[in-house]
Every structure is written in C-alpha cells, then in structure tokens.
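Peer 1: The lines below spell out each chain.
Number of protein chains: 2
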Amino acid sequence: MVTGAAARDVGFVGLGIMGRPMAANLLRAGHRLHLHSRSGVPPALLAAGGVPCPDAAEVARRAEVVFTMVPATPDVERVLFGPGGLVEGLSPGKAVVDASSVDPAATRSFAERVAALGCDFVDAPVSGGELGARDATLSIMAGATDAAFARVRPLLEVLGKTITHVGPPGAGQTAKVANQIVVALHIQAVAEALLFAARAGVDPERVRRALLGGFAASRVLEVHGARMTARAFAPGGRVELHRKDLALALEGARALGVALPCTAAAHALFDACVAHGDGALDQSALVTALERLAGAPVAG
Amino acid sequence: MVTGAAARDVGFVGLGIMGRPMAANLLRAGHRLHLHSRSGVPPALLAAGGVPCPDAAEVARRAEVVFTMVPATPDVERVLFGPGGLVEGLSPGKAVVDASSVDPAATRSFAERVAALGCDFVDAPVSGGELGARDATLSIMAGATDAAFARVRPLLEVLGKTITHVGPPGAGQTAKVANQIVVALHIQAVAEALLFAARAGVDPERVRRALLGGFAASRVLEVHGARMTARAFAPGGRVELHRKDLALALEGARALGVALPCTAAAHALFDACVAHGDGALDQSALVTALERLAGAPVAG
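Listed in order, the protein sequences are those of chains A and B. Residue numbers for the first sequence follow our numbering, beginning at 1 and rising by one. Residue numbers for the second sequence follow our numbering, beginning at 1001 and rising by one.
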C-alpha cells in the first residue's frame, strides 16, 4: 500500500529478470501498473493487479510515468521510437524513466528527443542484480533535471536503497559505466591475486579471508572471491552482459580520448569467456580465462 | 602493561616509519625491547625503556623473539646473514619474525637457513600502513609452522587486529603480494572509472559516492577514491613501495607461469609515476599517470 503518497499510474515496459521484480515492487507499493513486454506480461503481475497493454504506446497513453528496462541501447531506441513505441502515446507533462544500462551518449540524445515532446526523461540505471531488484535494495544512479528527479524520486525509492542524482540526463548512464568498470576490475584484481596465491601453493580461500581485514577489502573480494574459490559460477551477473557494459566503456573512452588499459584487458578476458562458451556464467568466471592462460585453477 | 601473559625479551631490528610504532606498542604492552636500527634508535623508544644494541647480532643474543622490519629483500638478507647480522647472535630455540614485505621465494630460503640453526622463522608481513601500525589495527598475514605461529601469536596480537596464519613459511609473503595486487588493481579500477566519468562531464565525486552503495564498494573506493577527487596525494602508502611489491608479484608470476595482465599494466603506470618524480606520493597518484595519457585530470 502507498504510505504518505498517492497511488500513481505507472507504466513498465520490459519485464525480464530485472523488470519483473521491479514492477512487482511498484504494485506492492500501491501504484496502478500498466505493463508491456515483448515476451508477454508474467501471470504473477496480472494476478497482482497489473494491467496488460498491447504495446508501449498504449502504456504511455495510460501512465503518467513510464519505466523501461530492456537489455541494450537498440532495445531502448526501439521501445521509445520504433513502431508502437512510447513516443506514439506520450503527451506533454509525462515522464520516461529508463532503468536499462545503455550508452550515455545515445541516452543524451534520447533525452533531448523526449524533452522536445514536452516530457521529462530520467536515466536511472541500477546496480545490485536480480536480488537487489527483488529486495528493493538496488543502488540507482539518476541523470535528470532537478525537477524531473524530484518528480520520480518517490518511485525510485520504492525500487532501491541508495538513490543518487548524479547530474543531468546521461549522467546516470555514465555513473553506471563507471560502476561496471570498478566491478569488472575489482573482479580482475581478485582473480589475479587468488590465482597467484594458488599457483604459489598457498590456499586461496585463506588468503581471501586474510585480505578482507585490510585495505584490500571490497564487496567483490567478499562475494565474487568466494565464488572463485568455491567454483560457484551460477549467475549472479552474467559475463555477456558485463562484457557489453565494458564495450560501452571502451567506446565511450575512445570518443573521449581516455585510455583505460585494464578495462580493455578485462574486456578481452570476458571475450575469452564468451568464446569458450561461458557467456551465461557469473562475472566471477573471469578467473577461468586467466586460469586457461596459466593452465591451472584457483581451486578445485 | 602485560595482561594475562608474561613480559618477554623481544628484539626489534628496523625502526623506520612502520617499525617505530610497532616497537612502541610492544613496549607499551610491557615487554622488554632490545633495539637496533641503521639510523639509530629513536629517543622516544629509549625514553619508553627500549634498550639500544650496537648491531642485530646483539639483539639476537638478548631477545627470545626478534622482529625485523626493513624495506626490501636484500635488507632482510643483510640483517639476517650480513656482518653483525642476527644469525651471529641466534642460539637454538629463538625465533625470528620478519614483518617486512619481501620476496616469498627468498623468504622460504631464509626460513630454511634459520631453521637449520634450531630457530623458528615466521614471515608476518602487515597491511594497514603507518596508521595501522600506530593504532595496532594492522592486518598480519603469517607464514610459519603451527608451533612457531602459536609461540609468536601473542606478540602479533599486540601489533594488529586481524592475525591470519595463512600457511607454512613463505605463505605470509605470498598473501601480502596477493594483497598488494588487489589493492593496486582496486586503485587502478577507481582511477579508470573516475577519469572516465570526469572526461564525460560528470562530477567524479558524486559518482564515487553513488558507487559506494553497490557491488563497486571497496575500502579503496572509499579512501583512495576520495584522495583522487580531492587531489590529496600525501602518503599513505608510497607509489615507489607499492611498485616494488608489484615487481615481486610479476617476478613471482613469471617463475610460476602465471599471466597477470592488469598487475603488469598497473606496474607500468607506477613506473610512469616514478619517472615523473612522483614516487614518494600516495599510491592513489596512479590516477595522475592515467591522466597524463588522457591529458586532463579527474578533478581540480
């Protein structure tokens, strides 16, 4: 039930692994949800009161604020501007919140085109994965004008725990790319360190625990490091999606004239994982690509 | 004063930035300290009751357990086996604890030579820097036999907060190298991410704070990330010492047949910092080498 705020007409387009639990949390908070997904609306969301719509345009006609949560930049473009897309149903005063993780530069252009229709655009990519989506503990990085951010903030607070207004439209996506650089290179750090220890004949799990007490402490050493020593590579965040995010980082960096040497190396190792058929494994499987270079595992 | 344990005759050789506060903590805990340092014994340690010795050999004659805390592998070798070195004063049943951060393979050979004299050898490198040494919050990674570890553990507990017995002699140094790999690549991760954000026109400090809420969270993002955005490069841990540790990692990796691509890249950037005259700055100054590649700072 909505506490301290009125129920709103909220749209949600894209009901995959992330979108589904996010939409469920908005329903649980008492909002009226208008839903569309290429693969159909999951029965659980209909049972909880969600209203199915034949296309994104219809979602935009019915809702005041429309969320999108789709895999990649071309998907956002299609949902917004393709046939039956959101812009066909948008009227001045509405708002679009893109929670997908996509190209910051493309996002700035989407924001301009939506603003030209008299609507707000907020990029609000998330970190925290399926678990964070379900438990509403996502970290959300928003790019928006102050007014647009204020308007959608109560909805973002239903979905996540740490909500940061990073800057103008596009800034949320830039922060998300930065996030993915940090997470990938933290995984790379832990993989190089544990492989070094294992090959030197020292128990990598004891090393991992010893390192948690000092400056090496990180959430990745805690979570992904444990997955490496336990050989538990069920996702979690998939190699192939993280690789896409690093590709955004490298394309962006090239356009900006920035060299990201370790991001490039991590991207190559994710490439190697995908080439080896491991694209659907957890990101921590990056260690297996390093191990193939060296010829022996961290553990097992 | 010693609580629940008898006062012991403890030696300390090497009274630099780290050794001095560690020796002071052992004195404060009520032990009798026998001290030697190439640059003389600091007056504060004498005032606190420390006994100066003319050389390391004399320290070994007077103490039951002797700590060494010197910059690099050749220094440990000199203090142990050089003229006036520890082995001249060691007699069966004594113990040597090397808290320096040095080569794991050399450490295994030091341990064997000391064991051949009927003495224990413990490698016990530390993480946590000058502040951790002063506050006795160091993380200590020990390599030793079970009996030798049990014997020196009460002394290590005076010096640090997280004490881990990682494995046999040399394992502590291997864990320390792993620690330095993780810390260096966490710094590299934060540097690449914040530089990317800054060059994309987004406030890197806001990005840093947004990232602390999710999987990107690390002690390095917290501490070294803040130093990068504040341009506060007073050490902390020095570039030139961390570079030495990464050189140990790369030499060890080569001997073990392990490829560490990002450790190699971070080492090259630390090299660039030293070449630029910044070797005495904090490790977080690694970001300045990336910036020179890109031609613009993270902030400032």
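Among these hints, one or two may not hold up.
[Stated by the list, open to error] Label pairs and their calculated CB-CB ranges:
id : chain 1 : residue 1 : chain 2 : residue 2 : range
1  : B       : Gly1201   : A       : Gly40     : 51 to 61 angstroms
2  : A       : Gly118    : B       : Asp1135   : 52 to 62 angstroms
3  : A       : Arg113    : B       : Gly1201   : 50 to 60 angstroms
4  : A       : Asp135    : B       : Glu1251   : 42 to 52 angstroms
5  : A       : Ala106    : B       : Ala1106   : 51 to 61 angstroms
6  : B       : Asp1146   : A       : Gly257    : 34 to 44 angstroms
Calculated from the structure, these hints are not laboratory results. As the structure is a prediction and not an experimental result, all values here were calculated from the model. Glycine is no exception: its CB is placed at the ideal position from the N, C-alpha and C atoms.
Peer 1: Which of the numbered hints above does this structure break?
Peer 2: 1, 3 and 6
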